[in-house]
Each structure stands twice: as structure tokens, then as C-alpha cells.
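S.K.: Listed below, chain by chain, are the residues.
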Amino acid sequence: MAASDQSLKRWYSKFTNVVHRNLRSLIVGIPFVWLLLFFLVPFFIVLKLSFAESIIASPPFTSLLDWSGGGFPEISINKDNYLYLIEDDLYLRTYLNSLKIAITCTIICLLIGYPMAYGIVRTQGTWRYILLLLIILPFWTSFLLRVYAWMGILADQGTINDILLYLGFIDKPIKLLYKPIAVYIGIVYTYLPFMILPLYANMEKLDSSLREAAMDLGANPVSTFFTVTLPMTLPGIIAGSLLVFIPATGEFVVPDLLGGGNVLMIGRLLSSEFNANHDWPLASAIAVVLLIVLVLPMMLYHRVQASQANS
Amino acid sequence: MNQKKSKFLVSCLIFGYAFLYIPIFLLIIYSFNYSPLLPVWGGFSTRWYTRLLESPEVWSATALSLQIAFISATVATVFGTLAGLALARLGRFRGKTVFTGMISAPLVMPEVITGLSLLLLFITLWQLTGWPEQRGMMTITIAHITFAMAYVAVIVQSRLAGTNQALEEAAMDLGAKPLRVLTDITIPMLAPGMMAGWLLAFTLSLDDLIIASFVSGPGSTTLPMLIYSRIRLGLKPDINALATILIVSVAIGVLVAGWIMLRQQKQRALLANQ
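In the order they appear, the protein sequences are chains V and P. Everything in the first sequence is counted per the numbering used here, starting at 1 for the first residue and increasing by one. Everything in the second sequence is counted per the numbering used here, starting at 1 for the first residue and increasing by one.
Calculated directly from the structure, the hints in this document are not laboratory data. All of these numbers come straight from a predicted model, not from anything done at the bench. Among these hints, one or two may not hold up.
Unchecked claim - Below, in silico cross-link-like pairs of lysine-lysine (BS3-like), each with a Cα-Cα straight-line distance of 27 Å or less:
1) V:100 to V:179
2) V:79 to V:48
3) P:236 to V:179
4) P:266 to V:175
5) V:100 to V:175
6) V:205 to P:7
7) P:96 to P:177
8) V:9 to P:177
9) V:172 to P:236
10) V:14 to P:177
11) P:266 to V:205
12) P:177 to V:48
Produce the entire structure from the sequences given, and follow the hints as far as they go.
M.R.: What follows is the structure, given as C-alpha cells:
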């Protein structure tokens with residue numbers, strides 16, 4: 001098979017020539033086209049659908065372009081979905097409640113995570129490495145199962161009620177599961193590592209001589225912390241807070257499994273409009289508004305990331 | 001460091017790690033509970049493990065999830081590495097702002113939005129081209145490639161930012177073609193980062209519930225979808241058994257990898273001292 005061998009070789013050298021000449025555009029082009037098609041274009045489809053009308057059909061929405069008139073298509077833009085979001089105060093309440101929960105959980109994560117990250121940085125040698133590994137480990141274990149673990153702890157006959165009953169603090173179980181407190185605990189628990197890692201990455205690079213200089217010059221530990229350490233760790237605080245706040249706002253699993261429908265959060269509402277009510281245009285409008293709410297924090301995160309990468 | 005502050009930090013660490021790990025230990029302990037009423041202890045038993053391993057749905061969901069995770073992690077590593085190279089080594093190019101935005105956005109994008117938008121894309125594509133005819137393994141794999149490649153890109157980019165370009169420049173000066181430099185120098189240098197990226201992409205895919213539920217079709221149930229459908233209505237002891245198997249195997253993997261890396265670091269430090 002010498003002939004086909006020859007042609008195969010020719011093809012191969014042609015192929016490598018093309019690769020050589022276009023290496024640069026291939027490196028950028030392949031991921032670029034993929035992300036354009038599967039990440040950016042879908043958002044425009046969501047935007048388009050949010051202006052459509054919901055109908056009982058498959059798929060359950062109207063087309064914006066009506067070709068039935070012949071010649072020019074008529075564009076029918078339907079603003080009702082957005083008007084509905086304003087009129088029915090359920091949606092506004094849900095957005096506000098999601099933001100309240102996300103902000104509160106971010107602050108709690110920061111209060112727990114900051115001293116932990118600081119403690120890890122101050123630890124020396126192998127222990128520091130082990131402590132860091134134990135923060136990373138939850139990233140590799142299932143989010144769903146970590147939320148599930150709390151269902152057993154917070155249940156009426158769960159661990160917390162058992163302990164409180166045994167100690168005699170209460171005489172009948174207190175309701176924890178399917179209450180707001182369960183959602184707060186669940187979000188803080190699952191997102192805490194996302195707060196600690198950026199804080200650690202930031203603190204690790206800090207120059208401890210500045211802190212020592214402040215102490216030598218007579219500053220007490222408290223004022224050293226607030227005037228030296230805290231400002232220097234601000235990039236880590238911002239990155240960690242955004243990494244908790246943004247996904248927590250749209251969280252679905254925690255309010256669904258631990259809130260049980262009693263706690264209003266926008267991710268869960270979007271999903272139920274979509275799956276239970278089959279109102280795809282309304283679900284799209286909810287998604288568009290959520291994206292508008294989150295676009296500023298996302299851009300801020302992007303800038304913090306870029307400046308961290310450059311330094 | 002003064003003593004009082006150190007005590008404060010140590011107690012913060014103890015509290016924090018207890019908070020992170022006690023729920024996981026409880027989950028594992030209850031998987032050995034005889035009683036089907038989960039929080040009530042009814043003696044030690046491994047019967048939930050037997051029941052779990054006898055369930056065909058668990059096996060088929062695990063097989064599907066592993067296949068999707070393997071394919072999507074591999075493709076995401078290739079695409080993500082290219083994206084990381086583009087960001088770290090190619091300087092300015094047209095559309096770089098959009099490109100960097102598309103790389104960093106999936107890291108924080110709420111999953112409900114990603115899932116909804118991808119489903120609508122697949123339906124629109126189907127209306128226009130007749131593809132994909134049905135949603136399932138293929139559409140989930142595409143969705144997972146898309147968000148996992150962003151993670152790989154970030155890892156690769158930070159790796160490249162930490163290495164100097166002298167080797168690559170030297171090879172270029174000696175007349176190596178760019179592709180040769182890429183395959184013989186840059187890629188081997190990047191191998192640990194690509195490996196870490198692949199593992200992360202694999203776990204992210206194995207873990208994903210929301211995006212997969214949106215873009216999946218009838219008959220394609222991944223492992224997280226199966227777990228979710230069972231625990232929605234309450235505690236299920238066989239899910240505790242499944243959780244124990246998953247968590248223990250991941251923990252062993254991470255700890256072994258960590259131990260190997262620590263040993264390498266120590267050896268390198270020893271060599272450097274000699």
C-alpha cells in the first residue's frame with residue numbers, strides 16, 4: 001500500500017503546514033468559537049425568549065418573528081413577562097429575600113473564614129499543608145451530599161434536637177429543617193471553602209515585616225490589624241465575598257432541600273416556573289433580571305481576578 | 001505573636017474545621033445504622049450497602065455519570081489549555097475582552113441560568129437544524145465541557161504566569177517552529193496543571209445536578225439526578241451508604257495526591273539545600 005502511504009504522508013504534511021501557519025488563530029479560535037456558541041449565544045436566546053408569549057405547545061412559546069404576512073416578518077415583542085414580574089410582588093419579594101440571604105451568608109462566611117485563613121497562614125510546616133488540604137477537600141466532594149448531611153442534623157429527630165433534648169434544654173423537638181435558619185446554615189456550610197481559599201491565597205503573599213514594623217513602632221495588636229493587616233487583605237476579602245455572594249444569590253439546591261419551599265429564593269422560583277408551570281418565557285425573564293442584578297458584582301470579580309493575575 | 005491572639009486563632013480553627021467535618025462524619029456514621037428511620041439509631045448494620053449495590057438504577061446512573069465526566073474532562077482540558085495559552089502567551093488579540101469575560105463568567109454564573117440558557121440553545125438548534133434530535137448524554141457532555149473548560153483555563157493561565165518564557169524563547173531562537181515549541185516545551189511544562197485541571201473538570205462533571213437536569217432528556221439520569229430524586233422527600237439510608245462510598249474514595253484520592261506532592265516538595269527542598 002505504498003500509494004496510500006504516500007498520500008497519507010502528503011495529507012499529514014499539508015495538515016501540519018496549515019496548523020503551523022494558523023497556530024495562533026487555532027489556539028484562540030477553538031475555545032473562542034466553542035464559548036461563543038455554547039456560552040454567549042444561549043444568553044441572547046434567553047433574552048429573546050423573555051419577550052415571547054407562553055403557549056401550550058412544544059416548545060411552549062411563541063416565535064417573535066411572524067412570517068405569515070408574507071415578505072417582511074412582523075416582530076411581536078411582548079413585555080408582559082417583565083410587567084408581571086413587577087406587578088406580582090412575589091417576584092420582588094423573592095429577589096430581595098435572595099439578596100438578603102446571600103449578603104448575610106457572605107458576612108457570616110467572612111467572619112468564620114477570615115480568622116481561619118489567618119490561622120492557616122500563621123501555622124508552620126506540614127500542619128499548614130494539612131490544614132489547607134482539609135479546606136480543599138470539600139471542593140472535591142459532592143455539593144449535593146454535603147447539603148444532604150444537614151438534612152439529618154436539622155431534622156425533628158436529628159442530631160441537634162437529640163442533643164438538646166438529652167441535655168434538657170428543650171422538652172419537644174424544635175423545628176429547624178424547612179425553616180430559614182436551615183437555608184442560612186446550608187449556604188454558609190457549602191460556600192465557606194470558597195471564602196477561605198482566596199483569603200488564604202492573598203494572605204500567603206503578605207509581607208509580615210509591615211505588621212512587625214507597626215508593632216515595633218508601638219501600635220497595639222488591634223490597631224495594627226485595622227490599619228495594616230485588614231487593608232492589605234482587602235483584595236482577598238473582595239474576591240472571597242464575591243465568590244460566595246454571586247452563586248449564593250442564584251442558589252437552588254440549598255433552598256430546595258433545606259428550605260422545602262418555605263424560603264423564597266429566586267433560583268428555586270425560576271426552576272419551578274420552568275419545570276412545574278412550564279412558563280418558559282417567564283422563567284427567561286426571571287433569569288434576565290437576575291443576570292442584570294448580578295452583572296456588576298460579576299464585573300467586579302472579573303477585575304479583581306485580572307489584577308490578581310497580573311501582580 | 002502574642003499568646004492571647006494565638007489562642008483565639010486556634011479556637012477559630014478548631015471551631016471552623018469541626019463545622020466543616022462533623023456533618024460529614026455524621027453522614028458516614030448513619031450509613032451503618034440498622035434502622036430505616038434515619039436519625040434513630042438501631043444498631044450497626046451494613047444492609048444499606050447491600051441494598052445499594054443491588055440496585056440497577058444506581059449502577060446505570062454511575063456508569064452514565066462516569067462516561068460523561070471522562071469525555072467532558074478530557075475535551076475541557078484540551079479547550080481550556082488552549083484558552084489558558086491564549087490568555088497568558090498571545091498578548092493582545094482581537095476580541096480579547098470578550099474572550100476573558102467568557103472565561104471568567106462561568107466560574108460564578110448561577111447554575112440555573114447556565115442550565116436554562118443551554119437548554120434553550122439546544123431547542124433552538126434542533127428547530128433550525130434537526131440536531132440534537134434528543135437530549136441526553138451528548139447535551140450534558142457539551143454543557144459540562146463548557147463550564148469545566150473555564151476552570152481548566154484559569155488553572156493553566158496561572159501556571160503559565162508563574163513560569164518564565166526563557167525556555168520557549170531559547171527554542172524559538174534555535175529555530176524551532178512554534179508548534180514544536182508548544183508540543184515539546186510548553187505542554188510538558190504545563191502537564192501538572194493540565195492534570196489538576198482534568199481532575200477538577202472530572203469532579204465538577206460528576207457533581208453537577210442543576211445544569212444536567214436542565215439539558216438532560218428522558219432516560220438519561222446521572223448519579224446526582226438519581227440522588228436528588230431520592231432525597232427530595234426526606235432521608236434515605238441507602239443514600240448515606242452511597243455518600244460514604246463517594247466521600248471516602250474522593251478523600252483517599254485527595255490525601256494520597258497531597259501526600260505525594262508533599263514528599264516531592266520535601267525532596268526538592270532537600271536537594272536545594274545540598
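S.K.: Hint by hint, say whether it matches the structure.
M.R.: Hints, verified against the model:
1. V:100 to V:179: Holds, because 15 Å separates the two Cα atoms, which is no more than 27 Å.
2. V:79 to V:48: 11 Å, holds
3. P:236 to V:179: Roughly 20 Å between the alpha carbons, so the hint for residue 236 of chain P and residue 179 of chain V holds.
4. P:266 to V:175: 51 Å, violated
5. V:100 to V:175: Within the cut-off at roughly 22 Å; holds.
6. V:205 to P:7: OK: residue 205 of chain V and residue 7 of chain P at ~23 Å, within 27 Å.
7. P:96 to P:177: 25 Å, holds
8. V:9 to P:177: Measuring from Cα to Cα gives roughly 19 Å; hence the hint holds.
9. V:172 to P:236: Status holds; Cα separation ~24 Å.
10. V:14 to P:177: 15 Å, holds
11. P:266 to V:205: 21 Å, holds
12. P:177 to V:48: Status violated; Cα separation ~46 Å.
Going down the numbered hints, you'll see the structure goes against 4, 12, while the others check out.
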